[in-house]
Structure formats: C-alpha cells, structure tokens
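Q: This is what each chain is made of:
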Amino acid sequence: MEGGMGRLLSSHSFFHNHTEREGSVMVQSRRQRNLFLAFCLVPTFILFSVFTLYPLFNGLYYSFFEWSGASSLAEFVGFDNYRRLFSDEIIPRTILHDYFLVVTKVVGIMILSTFFAVALTQLKIKEAPFYRIVFFFPNIMSVVVIGILWMFIYNPSLGLVNSGLELIGLESWTKPWLGSEDWALPSLVLPSVWAGIGLFMLMLMGGISNISKSYYEAAEIDGATEWQQFWKVTLPLIWPQIKISILYIIITTLNGSFIIVQVMTKGGPNNSTHVMGSYLYEQAFVKYNFGYGATIGVMILILSLVTVLIMQFFMRREKVEY
Amino acid sequence: MQTGKFFSRTIVRIPLIIWTLAVLYPIVWMVLGAFKSNAEIYANPWGLPESFSFANFVDAWSNYNIDTSVFNSFIVTGLGATLTLMMAIPTSYALERMRFRGNRLLFTLYISAMMIPMVLGWIPLFFLLMQLNLLDNIFGLSIVYAVSQLPFSIFVLTSFMATIPKSLEEAAAIDGMSPYGILWKVITPLSTTGIITVTIMNMIQFWNEYFMALIFLQTEENYTLALAIDYISNETQYTNAWGTLFASLVIAIVPVIVLYAIFQRRIVKGMTEGAIKG
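Going down the list, the protein sequences come from chains A and B. Just so we're aligned: 193 in the numbering used here is position 193 of the first sequence, and the numbers increase by one with no gaps anywhere. Just so we're aligned: 262 in the numbering used here is position 262 of the second sequence, and the numbers increase by one with no gaps anywhere.
Calculated from the structure, these hints are not laboratory results. Some hints could be false.
Said to hold, decoys possible - SDA-like, lysine to any residue: derived pairs with alpha carbons at most 20 Å apart:
| # | chain 1 | residue 1 | chain 2 | residue 2 |
| --- | --- | --- | --- | --- |
| 1 | B | 269 | A | 129 |
| 2 | A | 124 | B | 11 |
| 3 | A | 266 | B | 235 |
| 4 | A | 126 | B | 10 |
| 5 | A | 175 | B | 46 |
| 6 | B | 269 | A | 134 |
| 7 | B | 269 | A | 242 |
| 8 | A | 266 | B | 215 |
| 9 | A | 213 | A | 235 |
| 10 | A | 243 | B | 273 |
| 11 | A | 124 | B | 20 |
Construct the complete structure from the given sequences, taking the supplied hints into account.
A: Here is the structure:
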C-alpha cells in the first residue's frame with residue numbers, strides 16, 4: 001500500500017506546477033497529492049477490507065475447523081468438514097434445489113420478460129408506460145413482504161390459489177402448497193418470477209429500443225413475417241442483454257435464493273426446500289456448527305463461480321452486426 | 001393490414017392485462033386486508049372490506065412494537081446510506097480521475113466484489129461484530145450495510161463522474177483551490193444526479209434487507225422492520241392475526257411506494273445499470 005502511494009506518477013499535472021517553479025514547491029505539492037490520495041482511498045479501503053475481504057478469507061479458514069462458537073474450543077480438523085460435506089445426504093438435495101430454481105427462473109423470467117418487452121416496444125400500445133411502471137414495482141419490494149404475501153396466496157384454506165381452483169371446479173387440485181414435500185419447491189418459483197419480471201423486461205426493452213428501425217423495414221420489404229423478424233432481427237441483436245440477464249438471474253439465485261426460502265418455508269417440510277444458503281444458515285446459526293457452515297459457504301462460492309464461467313463459455317457468440 | 005394489426009394488438013393485450021392483475025391484485029388485496037377485521041378476513045378473504053378500520057394498524061403499532069422497528073429501520077437506512085456516500089464519493093473520484101499505481105487493480109477488486117456470494121463472509125462477520133461489540137446493534141448493522149453497497153455505489157459513481165468535463169477541475173486548481181475543495185465544492189455538486197440515484201437505490205436496499213439483519217440482530221428492541229414483520233408472520237401461524245400482519249406489511253411498503261412514485265425513472269435506471277455491471 002505504502003509503496004504504491006509513494007511511487008505515484010510524477011508526470012501527472014494535477015496541480016499545474018510549471019517547470020519554472022521552485023523544486024521545493026514540487027515536492028510539497030507531490031506530498032500533498034499523496035496525502036489527498038490517501039484521504040480518498042485509505043479509510044474506505046480499510047472498512048472494505050475489514051467488513052468484506054477479511055470475512056471472506058476468514059470464512060475459508062473457518063472451514064478447516066470444528067467450532068461451536070466459543071473461541072477457545074475451535075479445533076483444527078483439516079478436511080473433515082469437506083468429507084462431511086460429501087457424505088451429507090442433504091447437500092446433494094440442496095444443490096439440486098438451487099439449480100432447479102435457477103433453471104425454472106431463467107426459463108420463466110426470460111420467456112415472459114422477452115414477450116412483454118417485445119410487446120411493449122414493437123406494437124405501439126398507448127398504455128405501455130403504465131404496464132412498465134406496474135411490472136417493475138415488485139422488483140423494489142422487500143423479499144420478506146413478497147414471501148409473506150405469497151404465503152397467504154398459497155394458504156390452504158384462505159389462499160387465492162386454492163379458492164381459485166375451487167371456483168373453476170378443480171377442487172381435486174387444491175393442496176397445502178407450501179406444506180407438501182412435492183409442491184413446496186415448485187411453489188417458490190412463482191413468487192420469484194413474479195418479483196423478477198420487471199427488471200429484465202426493462203433491460204431487454206433497452207436493447208430493443210437501440211435497434212435501428214431500418215432493419216425491420218428491410219425485413220418487411222423482404223417479406224419477413226413478424227415472427228421471422230423476431231427470430232432473425234430482434235433476438236440476435238438483443239443477445240448481449242439476454243446474456244447479461246441470464247447471468248444475472250443465475251448469480252442472484254445462487255447467492256440469494258435462500259432469502260425467500262427462509263421467509264416462506266425455512267427449508268421445510270422435511271428439508272424439501274432447503275437450498276445451499278438456507279442449509280448454511282441452519283447449520284451455522286441454528287445448530288452452531290460454524291466450521292461446517294463455512295464449508296458450505298466455500299461450496300456456494302465455488303459452485304457459483306464455476307457456473308458463471310461455464311455459462312459465459314456457452315453463451316459466447318459472435319457479436320451480430322448487420 | 002390495419003385490421004390485422006389491431007387484432008394482434010388486442011391479443012397481445014390479454015397477457016399484459018393478466019400480468020397487471022397478477023401484480024396488482026395481491027398488493028391491493030394486502031392493503032384492503034389491513035383494514036379488515038379478522039373475522040372478515042376468514043369470511044371474505046379476497047373481497048372489499050365492509051368498513052375501513054384502523055384497529056390492525058393500532059394493534060401492530062402498539063402491541064407488536066412496530067414503532068420501534070420503524071424507528072430502527074429509519075436509522076439503519078439513513079445512517080447506512082450516509083456512510084456509503086462518505087466512503088464511495090472520495091474513492092470514486094480518486095479511481096476515476098487520479099492516476100496512481102494499482103488504480104485498475106483496486107477498481108477491479110471493488111467491482112468483482114459485486115459478484116462474490118457474501119454468505120461465506122457472514123459467519124466470520126458475525127464473530128467480528130461480536131468482538132467489536134457491534135453485534136445486535138443497529139449501528140453495527142448500518143456499517144455492514146454501507147460496506148455491502150460500496151461496490152455498487154463506486155460502480156455507478158465512477159461512471160457518472162467520468163461524464164464531468166475535466167476543464168472545470170483544472171480551472172478550479174488554477175484558481176488555487178485545494179484538491180479537497182475541488183472534491184467537495186466542484187465534483188460533489190456536479191455529481192448530484194449520480195449521488196441521488198445511488199442513495200435511493202441504497203436506501204431501498206437497506207429498508208428491505210432481511211437476511212443480514214436476521215443474523216446480526218437478536219433482541220426484539222433492535223429489530224428492523226423486515227425482522228419485525230417476519231416475527232409477526234411466524235406468530236400468525238398460532239394467533240391467526242392476519243389483519244395485524246397485513247397492516248405491518250403495509251407500513252413496510254408505504255415508504256417504498258412513495259420513493260417509487262417520486263423517483264420512478266431514477267430507480268429504474270439505477271437498477272438496470274446496476275445489473276448490467278455483471
């Protein structure tokens with residue numbers, strides 16, 4: 001840090017010192033410049049190190065200890081926590097649940113938001129701004145509010161889903177959605193899609209509005225149907241936005257799906273909705289297995305980085321220019 | 001051609017209207033539920049209330065300590081957003097405008113922190129806060145919040161400051177203004193738009209945040225609103241006081257609705273740009 005500060009580029013003319021000035025002024029202003037740089041960077045970096053970098057690396061370190069929280073009782077256990085991770089029967093289920101949410105959310109959100117984005121930009125609908133404002137609103141609601149709202153929508157006796165099914169004569173389909181081992185996890189997809197559509201729709205709309213009208217005019221002259229125009233013009237040209245959206249959904253799901261799980265089901269019934277993060281929370285902060293919790297955290301870190309890298313590889317595509 | 005277009009537009013409107021209802025109906029219904037008595041919620045869960053009663057709000061406010069939680073949430077939101085700015089503005093300025101060794105590296109470090117899952121860090125952070133006597137403390141939580149939004153804030157502010165013409169700083173420097181003066185009196189006022197965008201985004205984030213509060217706060221008098229609502233929701237399974245729960249949800253959502261109504265465009269811009277960082 002000091003070395004970096006000391007060897008600042010002297011050629012930079014921040015203070016507009018002219019060469020005819022005395023050397024001592026040069027030296028003094030250079031020191032002042034370094035002081036100013038330190039003032040700008042050092043306090044922020046210290047806080048960032050203490051509250052972000054240090055905990056991350058320390059989490060890695062904790063994963064080699066067996067520890068229930070009392071500082072004197074931390075015991076170094078080498079790779080024991082990792083062995084436990086591979087033999088824990090719940091772990092593969094949590095991973096599966098996370099990727100189930102990733103896949104269903106990517107498919108659900110991308111299909112709906114692409115449809116809405118195209119509809120609101122290509123077909124000149126007068127009330128388009130209204131839809132935009134409404135669809136985006138759930139994106140800024142707290143996950144707690146969304147989760148509780150949907151818990152009530154799924155409520156077996158009062159909820160909208162079961163009342164709706166009864167209304168259209170499908171009483172046999174009604175079930176305690178969040179209390180059923182088979183249906184609890186799929187039931188979490190709808191609130192996530194509901195809350196996510198708006199943001200991605202707007203990102204795609206940004207992409208579509210940048211496409212020059214002349215492409216569509218040319219396509220129309222060539223006799224392309226609207227459907228063909230969508231596949232041959234719109235989709236390839238908004239590929240960058242689609243790619244970013246998919247990666248963003250993957251990252252936020254793997255790093256944050258546990259929040260809605262924690263609010264709506266706490267991982268139950270019978271572990272059927274546990275995702276990696278909620279299992280980490282349970283192990284560390286409910287059962288006080290902090291070392292094992294940190295090991296799960298390392299797994300989350302590795303899996304999300306690997307997934308993002310793999311997806312980036314598969315979605316790389318020549319930039320389309322017409 | 002004309003009729004065909006009209007027809008397709010009507011067809012397209014159907015899913016748009018369905019989705020509008022899917023978004024608005026639960027929210028509107030939650031607000032209506034807050035004004036219903038419990039008996040009415042059971043008898044008629046999805047309809048209009050017979051008469052508007054504020055009993056649920058009174059119950060939530062006085063019997064479930066929502067007043068304390070609202071206060072705590074305001075403190076955490078305000079303090080967190082202020083701290084984020086105090087940290088992010090000088091660093092963004094230095095990263096964007098000054099040349100020094102390690103500039104790129106430091107910028108990359110901050111930005112890549114946006115993609116790292118922080119769950120791993122929360123376990124050591126828990127013990128760090130304990131040692132610093134900041135566990136179960138809303139000021140401790142404010143610091144953690146502020147640092148957690150630092151990468152996003154630096155990302156938005158650096159790209160905003162890049163649009164400010166350099167000639168203004170140079171003129172101020174020639175007039176003998178110190179770099180501190182330039183940062184405070186030239187750059188900060190000129191970045192107001194960016195600063196407001198970042199601050200609104202951070203405030204919404206802090207107001208809504210749940211999981212870090214769940215881990216780092218423990219006693220009821222320190223609960224933020226998100227935790228208080230979660231607590232009431234868990235109680236509701238036994239008490240069935242749905243009306244009170246809805247009233248507390250409404251209390252939580254009103255400030256967000258107000259911000260959205262005023263700053264709709266900025267919020268949308270902030271969020272879509274924040275996502276594009278990836």
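Q: Hinted pair, alpha-carbon criterion (20 Å max): residue 269 of chain B, residue 242 of chain A. Please report holds or violated.
A: holds (17 Å)
Q: With a cut-off of 20 Å on the C-alpha distance, tell me whether residue 269 of chain B and residue 129 of chain A pass.
A: Satisfied, since the Cα-Cα distance of roughly 15 Å is no more than 20 Å.
Q: Compare the distance between the alpha carbons of residue 175 of chain A and residue 46 of chain B with 20 Å, and conclude whether the hinted pair is satisfied.
A: Given pair residue 175 of chain A, residue 46 of chain B holds - Cα atoms ~19 Å apart, limit 20 Å.
Q: Can the restraint linking residue 124 of chain A and residue 11 of chain B be considered satisfied, given a maximum Cα separation of 20 Å?
A: holds (13 Å)
Q: With the threshold set at 20 Å, check whether the alpha-carbon distance from residue 243 of chain A to residue 273 of chain B stays at or below it.
A: Given pair residue 243 of chain A, residue 273 of chain B holds - Cα atoms ~15 Å apart, limit 20 Å.
Q: Given the hinted pair residue 266 of chain A and residue 215 of chain B, is their alpha-carbon gap at most 20 Å?
A: holds (14 Å)
Q: What's the verdict on residue 213 of chain A and residue 235 of chain A, does the C-alpha distance respect the 20 Å limit or exceed it?
A: Between residue 213 of chain A and residue 235 of chain A the Cα gap is close to 14 Å, so the pair holds against 20 Å.
Q: For a C-alpha distance cap of 20 Å, please report whether residue 126 of chain A and residue 10 of chain B respect it.
A: holds (12 Å)
Q: Hey, residue 124 of chain A versus residue 20 of chain B, does the alpha-carbon distance stay inside 20 Å?
A: holds (18 Å)
Q: Does residue 266 of chain A pair with residue 235 of chain B here, judged by a C-alpha cut-off of 20 Å?
A: holds (14 Å)
Q: Straight-line Cα separation of residue 269 of chain B and residue 134 of chain A no greater than 20 Å?
A: holds (16 Å)
The structure agrees with every numbered hint stated previously.
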